[in-house]
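4 protein chains.
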Amino acid sequence: VKAAVVGATGYAGQELCGLLRGHPALDLALPMRGRAEAPPSEGVLALDTDRFGEVDVVFLCTPHGAAAPLARLALDAGAKVVDVSADFRLKDPAVYEATYGAPHPAPDLLDAAVYGLTEHARSQVSGARLIANPGCYPTSVLLGLLPVLEAQLVERGTPIIADCKSGVSGAGVAPTATTHYGNVAGNFSAYKVGQHRHTPEIHQAAGTEQVVFVPHLLPCFRGILATLYLTPILGVGAGQVREALAECYAEEPFVTVRSDRMPNLHDVDLTNQCHLGVAEAYGQVVIVSTIDNLQKGAAGQAVQNANLALGLEEGLGLG
Amino acid sequence: VKAAVVGATGYAGQELCGLLRGHPALDLALPMRGRAEAPPSEGVLALDTDRFGEVDVVFLCTPHGAAAPLARLALDAGAKVVDVSADFRLKDPAVYEATYGAPHPAPDLLDAAVYGLTEHARSQVSGARLIANPGCYPTSVLLGLLPVLEAQLVERGTPIIADCKSGVSGAGVAPTATTHYGNVAGNFSAYKVGQHRHTPEIHQAAGTEQVVFVPHLLPCFRGILATLYLTPILGVGAGQVREALAECYAEEPFVTVRSDRMPNLHDVDLTNQCHLGVAEAYGQVVIVSTIDNLQKGAAGQAVQNANLALGLEEGLGLG
Amino acid sequence: VKAAVVGATGYAGQELCGLLRGHPALDLALPMRGRAEAPPSEGVLALDTDRFGEVDVVFLCTPHGAAAPLARLALDAGAKVVDVSADFRLKDPAVYEATYGAPHPAPDLLDAAVYGLTEHARSQVSGARLIANPGCYPTSVLLGLLPVLEAQLVERGTPIIADCKSGVSGAGVAPTATTHYGNVAGNFSAYKVGQHRHTPEIHQAAGTEQVVFVPHLLPCFRGILATLYLTPILGVGAGQVREALAECYAEEPFVTVRSDRMPNLHDVDLTNQCHLGVAEAYGQVVIVSTIDNLQKGAAGQAVQNANLALGLEEGLGLG
Amino acid sequence: VKAAVVGATGYAGQELCGLLRGHPALDLALPMRGRAEAPPSEGVLALDTDRFGEVDVVFLCTPHGAAAPLARLALDAGAKVVDVSADFRLKDPAVYEATYGAPHPAPDLLDAAVYGLTEHARSQVSGARLIANPGCYPTSVLLGLLPVLEAQLVERGTPIIADCKSGVSGAGVAPTATTHYGNVAGNFSAYKVGQHRHTPEIHQAAGTEQVVFVPHLLPCFRGILATLYLTPILGVGAGQVREALAECYAEEPFVTVRSDRMPNLHDVDLTNQCHLGVAEAYGQVVIVSTIDNLQKGAAGQAVQNANLALGLEEGLGLG
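Chains as they are written, first to last, in this note's numbering: chain F, 1 to 319; chain U, 1001 to 1319; chain C, 2001 to 2319; chain X, 3001 to 3319.
Source of the hints: derived by calculation from the structure; they are not laboratory data. It cannot be assumed that every hint is accurate.
Straight-line distance between alpha carbons at most 30 Å, and here's what the computed BS3-like set of lysine-lysine pairs gives [what the hints assert, rightly or not]: (1) Lys192(F) <-> Lys1192(U); (2) Lys2091(C) <-> Lys2192(C); (3) Lys1080(U) <-> Lys1091(U); (4) Lys3192(X) <-> Lys3080(X); (5) Lys2192(C) <-> Lys2080(C); (6) Lys3091(X) <-> Lys2192(C).
Partial chain F-side listing against chain U, Cβ under 8 Å, derived [what the hints assert, rightly or not]: (7) Ala29; (8) Thr176; (9) Thr178; (10) Gly223; (11) Leu265; (12) Tyr282.
Here are the computed distance ranges between Cβ atoms for each label pair [what the hints assert, rightly or not]: (13) Ser126(F) <-> Gly2053(C): 45 to 51 Å; (14) Val173(F) <-> Gln1124(U): 35 to 41 Å; (15) Ser1259(U) <-> Pro3253(X): 41 to 47 Å; (16) Ala1177(U) <-> Gly3311(X): 38 to 44 Å; (17) Lys1091(U) <-> Gly2101(C): 54 to 60 Å; (18) Arg2258(C) <-> Thr3271(X): 34 to 40 Å.
Every value quoted in this text rests on a predicted model; they were computed, and no experiment measured them. Even for Gly, the Cβ is constructed at its ideal location relative to N, Cα and C.
For reference, chain F alone in the conformation it holds in the complex (with noise of 0.2 Å):
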């Protein structure tokens, strides 16, 4: 089972090769730039299109509004996608164009295109042809909250706060003022608040606005870690939102709800896991959610996703 990757020079391309050339089945056989004018460099071909008809999966870890053309280039070459871009996250192209500031690139495929939340979409990931891999906030995010609200356990109407913070490989390898040593160690600093692209991803997701997402950046490489607050219903607390998400997680091999302690970066640096932890503080129901966000935030769901696609074990090739 071949696969390419377009983008392959980005933080998440370099990820997804790393795991490819691990992978026992999947075989890294096309690894591309990402831009038909910039040249192949050590270990990375030239974007080459007609290509595409030799690999099962092609993954796309370009910019949003370049992988909605490839995708249609691949699929019609016969490959499976597997889009690490923002291009078939959000249904609704009103939305997409909103939100990105340009009309939609490819409207007619996004009712074929399942997002790739994979825990909670794992039927219509395995049949899938073209799979809209989620943003790495909206993973993190999402794990922690999906199974506490189809339990409904959180009061309606009430804001849910998601305070995230992630590493500075989220800001991507192009070299800038925000990405800069000295703009990024020993500080911290929120972002985009109230205007994060994520954002709509989450509400689409989570099935309700009440999500209110501020992003942070942290001076380290890797990682996301969410702190979630909830209101409750009433008689509910901390116990019943760690066993809601224990139930949904209990099967998983890469969800864990820790009963130890709150989780942390280091607990998931390098793997495709998400940890999970819950605490109560004061009325309000505490989770704390953790990913690598080059993981399971991007590379490592499109690996477990392509798997399930292509009908091989979810698991293989991650950690």
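Keeping the supplied structure of chain F fixed, place chains U, C and X upon it in accordance with the hints.
Only chains U, C and X this time, still in chain F's reference frame:
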């Protein structure tokens, strides 16, 4: 005007000594170790309470419990006291006992103690003999919250989330697993969720138990950033909240309400400043408050309070 | 094939357990604490030397002095031993005593011990029952130096400077002032100049006391980079030195002589690789050698040696 | 007394502006951008050479090549000049051209320029109109080496290794792959081995080409630590070398020869200090020299030189 610093080898004590060495009017006469059995070290004397009479002010940077008896000796010797520990922050000795697990060591002195959140207690601090220097987390939270609560812009009974992140200097100079480089670098965690000792202090000073405070440990040395989420009363948004903050702090040299962007740790690094920012997100008003935990969160505010109490210009020796 | 790891909670021990959990042929049967009085912890058993007979190989990751008696018990129980401590590295018990301040704990076993710098001791390691795994610094220095010394390209009697820099994991998992985040981050220092215990080991393996070794502590967790300066014999420059290295390591899977640029820590991070680079500077030939101190400098090389000693493919379980 | 800073947005320029804002006698009248086409930014004016006549001293923090023409304009306008760039450090325009790849932009001014390694050029700097502020690496190397060379304690013709390590602020404020957090954190590398432009400067000031200088990039923001290895003349050891240093710097407020332990970056962080330590290792004398690269290695020494040139007390405004 002369000062003693007890506990000069801890991080707050070191910072205080540094500030006093650059202070134009307050002379660091007696830098002392914090415990009777601790021998003198380079530039730091053994603890000698008999010498408290030689100075005008004694700064106490000891662990809680140890400060109160030293405060009594210093007051008896005629010195003013700025207690950087937690001993005189809580007005109710029962709350102290519930929080710190031991009876209050000097309940008779509690009435005399002034809670020194300087910008909100200037007149009391000016005449005070015994000042309880606020905790680092409470300082960051309260500076952002008090003016908004006083202006009655927060919906009664709704939770106010205070998601706080601190550099590791807050965990102290003692080598522990928590402060080991291998556990801090590349890591991030929530801790003592629902159980941190700064909570009663925040509740007391805010005059409400609405505040849900959760601390986190950042992979950097200095600084606190608090992200505050509140439900405004009907018709109120970020604009009015910012206005309330801007009006309250219009004349304050050490508090800045930014309108350009959200503040970050570097904005206040190595200064006694607090920077505030305000935004709106899906019905919540989000206030970001940043301080240097060792300066405005400890030694800086202690100097600011001592300046006031001793009749000096409030900002002397502070950046 | 089964393995025990004694000292599984230290950094080398943790790394070794991680490698063995991913090893296709060597099974981590007995992860044990390093000291008799240390209780079992999560996933780690109490030390139980009676069980050494259950395994084929015992890895010793204890402090020096403690390993030798354990090695004897393991050998007596029929297991092979890879000693990651310093107990069997120095051939001369008098040098051991001068270096470690105590008589050698098992001088009768010294003859049987093979110094396991794998690429330079493959045939001896293959049949060995007791392998002294080299120190982290010596590994980085010797891999860059031995082929050049063997090719007699260094001017006799001239100093060979080995300016070495290590991440803080080399200082161990115990919380000390040295490993406190506040002393590591943003800092850098030379230490034990002229006194480090790895010096006799380097001199013994290099067969000369020309090497001047000075270690430094880097503000990062993993990795060693050694910058080696040598005076070449007349007519020799960087070209011949690089050639000597390239020839020596042409078939080696774990040593790469780069010609594109000087290597850095990221090149070898989390791998068992050593990367080498060569340049000329004002008459000196400069060799830069990089390894991951916990892998090729400890646990990785230990697995490589165990693979050889047990008749497995040398690179199994290594990246 | 008034100052202009040209290039106020780079790291050296920012540091200089910070020092001047706290300077009791030198007033930061004109903080300017470094390039004609760069627009003014917050607190920094556009470059306006017509205003050089308004100040007593112009600090040039521009790239090399750009400083010389500005220096001429400033001198013509009657201001003194401290050039923090490389334009006036090398006495021989041919060496400048070989080093910087372009003809010297103002060879007629070279004679007037004083190389401002303050402790070794005090009398010349005092009367100077044009001061070439030394490079950061040369400052760290020369402060440790010059007294030893002057005392003739180094064996003639032997290599003097200067293995230097710098924080990433030395690579400048511009976002590049080199300064990207992802490439700096957890990494360490040697660079420009045998080719760094500070080498001719070191050779010129040392009066010998014995010095073999190799720079490295540390995973931290500030500071340089140079480890110097030299072959002493017969009968000389670390003791005499330390004595030579101690005697030379006995009265110097900004250079300390430590006898307690080797210095580290934290010892000199945010100060204009240089700390030196000496030890012996296998026949070599090892000198460790540490400075803050943005202070003693750039802006601090620039202020020290300006103080002298303007007839102010040398240490004014410096810590």
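Do the hints match the structure? See the list:
1. Using a Cα cut-off of 30 Å, the hinted pair lysine 192(F) and lysine 1192(U) holds, with the two alpha carbons roughly 28 Å apart.
2. As the CA atoms of lysine 2091(C) and lysine 2192(C) are separated by approximately 23 Å, the hinted pair is consistent with the 30 Å bound.
3. Taking the CA atoms of lysine 1080(U) and lysine 1091(U), the gap is about 19 Å. The hint holds against a cut of 30 Å.
4. The hinted pair formed by lysine 3192(X) and lysine 3080(X) fails the criterion: a straight-line CA distance of about 34 Å is larger than 30 Å.
5. Only pairs whose Cα atoms come within 30 Å are accepted, and lysine 2192(C) paired with lysine 2080(C) is rejected, the gap being roughly 34 Å.
6. Straight-line distance between C-alpha atoms of lysine 3091(X) and lysine 2192(C) comes to about 40 Å, which puts the hinted pair past the 30 Å bound.
7. The closest approach between the C-beta of alanine 29(F) and any C-beta of chain U is roughly 33 Å, which is over the 8 Å cut-off, so the hint fails.
8. The beta carbon of threonine 176(F) is not positioned within 8 Å of any beta carbon in chain U (closest approach about 15 Å), and the interface hint is therefore violated.
9. Checking threonine 178(F) against chain U: minimum C-beta separation of about 11 Å lies over 8 Å; hint violated.
10. Annotation: glycine 223(F) was flagged as interfacial toward chain U, and the flag holds, the nearest CB pair being 7 Å apart, inside 8 Å.
11. The criterion of a C-beta within 8 Å of any C-beta in chain U is met by leucine 265(F), whose closest approach is roughly 5 Å, and the hint holds.
12. A least Cβ separation of about 5 Å between tyrosine 282(F) and chain U falls short of the 8 Å threshold, and the interface hint therefore holds.
13. Separation of serine 126(F) from glycine 2053(C) is about 48 Å and conforms to the stated range, judged on CB atoms against 45 to 51 Å.
14. Against the hinted window of 35 to 41 Å, the Cβ-Cβ separation of valine 173(F) and glutamine 1124(U) comes to about 54 Å, which falls outside the hint.
15. Between serine 1259(U) and proline 3253(X) the beta carbon distance is about 43 Å. The supplied range of 41 to 47 Å therefore holds.
16. At roughly 56 Å, the beta-carbon separation of alanine 1177(U) and glycine 3311(X) lies outside the given 38 to 44 Å, and the hint is violated.
17. Take lysine 1091(U) and glycine 2101(C): their Cβ atoms lie about 57 Å apart, and the range 54 to 60 Å holds.
18. A beta carbon spacing of about 38 Å between arginine 2258(C) and threonine 3271(X) agrees with the range 34 to 40 Å that was offered as a hint.
Of the numbered hints given earlier, the model fails hints 4, 5, 6, 7, 8, 9, 14 and 16; all others are met.
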